[in-house]
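Work out the full structure: start from the sequences and follow the hints.
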Amino acid sequence: MLKKLWSVGLLLLIFVLAACSGNDKANEPAETDGDKKSNVPQVLVFGRGGDSVSLDPAIVTDGESAKVTINIYETLVNFGEQDTTIHPGLAESWEVSEDGLTYTFKLREGVKFHDGTDFNAEAVVKNFERWKAGASEKFYYYHSMFKADGEDIISEVIADGDYTVIFKLSRPQAPFLKNLAMFSFGIASPTALDQYGESFGDNPVGTGPFKFVEWKRNDSITLEKFEDYWQEGLPKLDKVIFRSIPDNSARLNALVAGEIDLADGINPSDAQSVEGNANLQLIERPSMNIGYLGLTNTRPPFDNKLVRQAVNHAIDKQAIVDAFFLGRAEVAVNPMPPSISGYNDEIQDYEYNPEKAKELLAQAGYDGTPIELWAMPVPRPYMPDGRKVAEAIQKNLQDVGIPSEIKTAEWATYLDMAKNGEFDAFLLGWTGDNGDADNFIYTLLDKDTIGSNNYAYYSNEEVHNLLIQAQSEVDEEKRNELYKKAQEIIKEDAPWVPLAHSIPLLAAKKGVTNYKPHPTGSEVLSNVEIQ
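Residues 228 to 758 (this note's numbering) are what the sequence shown spells out, left to right.
Some hints could be false.
[Said to hold, decoys possible] Once the Cα atoms are required to be at most 27 Å apart in a straight line, the calculated DSSO-like pairs of lysine-lysine come out as: (1) K466 x K365; (2) K585 x K365; (3) K452 x K466; (4) K463 x K743; (5) K353 x K365; (6) K463 x K532; (7) K615 x K646; (8) K674 x K712; (9) K622 x K532; (10) K718 x K737; (11) K395 x K353; (12) K333 x K374; (13) K615 x K718; (14) K452 x K532; (15) K466 x K674; (16) K374 x K585; (17) K585 x K615.
[Claimed, not checked] Here are the simulated distance ranges between beta carbons: (18) S397 x Q625: 47 to 53 Å; (19) E704 x M644: 20 to 26 Å; (20) N580 x R614: 25 to 31 Å; (21) E704 x E364: 34 to 40 Å; (22) S500 x I574: 34 to 40 Å; (23) T391 x D530: 48 to 54 Å; (24) D702 x K532: 28 to 34 Å; (25) E632 x R444: 26 to 32 Å; (26) S363 x E511: 33 to 39 Å; (27) T525 x G485: 48 to 54 Å; (28) R444 x G377: 33 to 39 Å; (29) K622 x T344: 24 to 30 Å.
Please keep in mind that the hints were generated in silico from the structure rather than gathered at the bench. C-beta atoms are modelled at their ideal positions from N, C-alpha and C, and glycine is treated no differently.
What follows is the structure, given as structure tokens:
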């Protein structure tokens, strides 16, 4: 009996010791799926319709460049996560004088550029002096936003110590802070600007969450996590690869096949198939854009207002929206979307009326000379398929006696030709940079911006005076009335055919989280993760 009891006791002791050992193990952190995943690099492959033009944000106007540079550089102030409200950026606070002529910014300390250069007040001054001194045809945005009637709105930028910058304005500018938040005014490393000179656009250096690694032209741009980024815990991704896949269907196929993780420029006709795929998610970008047919006002036959009005009557805009946007857009009437303060909703659109168009062409003395109709080579947020829209417009024009040949060019060349006024008629558009009327009407249709973003070469002195007055008017109600009046004149002059305000579509794998599309068309990817 004693031997049996001893044997039982020994077994119990072994069991207890084993159990204790197991409890100790249980109290240790378990290796979870999340821990295993944390050792796997977070790489996001972003499929897009075209390549960037340059990675120097100060010299570009295209969205394909902006969606990359906004992740490399940072601005003094930022937009909200999904709106255009103003928040701190590289400047953590600011004060404005009562007369609206002095802005004093307190800068963040401890921020580094990707090359190790310290971010400070002198870096800010150097960037603004570079833009200010540069030619208007190079630094489009700076001259569009901060010069008017040959006057520098920013008269001086002063470094007051290492972390205070003072801006002196020559006159108040209502959208000043919103302008500063635009991607074009990302602050570049002064060391890199000196080192690379004219080739800086191929060697970008900012303070943003991602730093530049490689650019394979017309193929891909690779960015990687900036380990010394000032915002702790960001970015979540280790690497971002922007892949150029011009064809919308090919881009969606690449997403379905798992070759990319996120795709923009999704055809409205493909939305249902995305929604029906359990492995994908459909994403709508908040709409803040305009797609239009530009008519170069300095080239025959569009140097005649009657011809431009005729083209507005000739095009069946509703049919275009129905056929190519499938409910993901509304017909445009004015050169800015209804969501922008100052929109004139009392203006009546040109009705689709081919007979009226023929009458106006006869009055204008148009002799039937063929025109060139230029179609974008890449999908854009405001127009998913430029070629198909051009074909519909070509048929509308032919019906009223305007023969046309559809032409295109590589994207960077296309923009240069439009900027230089080399097109007769052309498809283009605009995604707002800051949510302000000034960024649509003044940027796109003022005489000051001919040769930059005013591709139609439209010039009207009365419109110009209204827009300059609106820039300095701080009373929002008075300012809106000025913009409404400008839209009335523009409608009569018909420099464009406004076509559509679209809801741009994107698609992503189900595992892509925290991607929040911005109405400006480009967003910082620092919070994005892949599960």
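Here's how the hints hold up against the structure:
1. K466 x K365: Violated, at about 31 Å.
2. K585 x K365: 41 Å, violated
3. K452 x K466: 6 Å, holds
4. K463 x K743: Holds - the C-alpha atoms of K743 and K463 are around 14 Å apart, at most 27 Å.
5. K353 x K365: 17 Å, holds
6. K463 x K532: Roughly 54 Å separates the two Cα atoms, so the pair is violated.
7. K615 x K646: 23 Å, holds
8. K674 x K712: Judged against 27 Å, a Cα distance of about 17 Å means the pair holds.
9. K622 x K532: 21 Å, holds
10. K718 x K737: The hint is violated at about 44 Å.
11. K395 x K353: Distance ~15 Å between K395 and K353 Cα, so the pair holds.
12. K333 x K374: Holds, because 25 Å separates the two Cα atoms, which is no more than 27 Å.
13. K615 x K718: 26 Å, holds
14. K452 x K532: Cα-Cα ~53 Å, so violated.
15. K466 x K674: 42 Å, violated
16. K374 x K585: 41 Å, violated
17. K585 x K615: 24 Å, holds
18. S397 x Q625: 47 to 53 Å: Because 51 Å falls inside the window, the suggested range holds.
19. E704 x M644: 20 to 26 Å: 41 Å, violated
20. N580 x R614: 25 to 31 Å: The hint (25 to 31 Å, Cβ to Cβ) holds, given that N580 and R614 are roughly 26 Å apart.
21. E704 x E364: 34 to 40 Å: 36 Å, holds
22. S500 x I574: 34 to 40 Å: Taking Cβ atoms as reference, S500 and I574 lie about 38 Å apart, which means the hint holds.
23. T391 x D530: 48 to 54 Å: 51 Å, holds
24. D702 x K532: 28 to 34 Å: 33 Å, holds
25. E632 x R444: 26 to 32 Å: 29 Å, holds
26. S363 x E511: 33 to 39 Å: Once the Cβ atoms are compared, 36 Å apart, the range 33 to 39 Å for E511 and S363 holds.
27. T525 x G485: 48 to 54 Å: 49 Å, holds
28. R444 x G377: 33 to 39 Å: 37 Å, holds
29. K622 x T344: 24 to 30 Å: For T344 against K622, whose Cβ atoms are near 56 Å apart, the range 24 to 30 Å is violated.
Consistency with the previously given hints fails for numbers 1, 2, 6, 10, 14, 15, 16, 19 and 29, ordered from lowest to highest.
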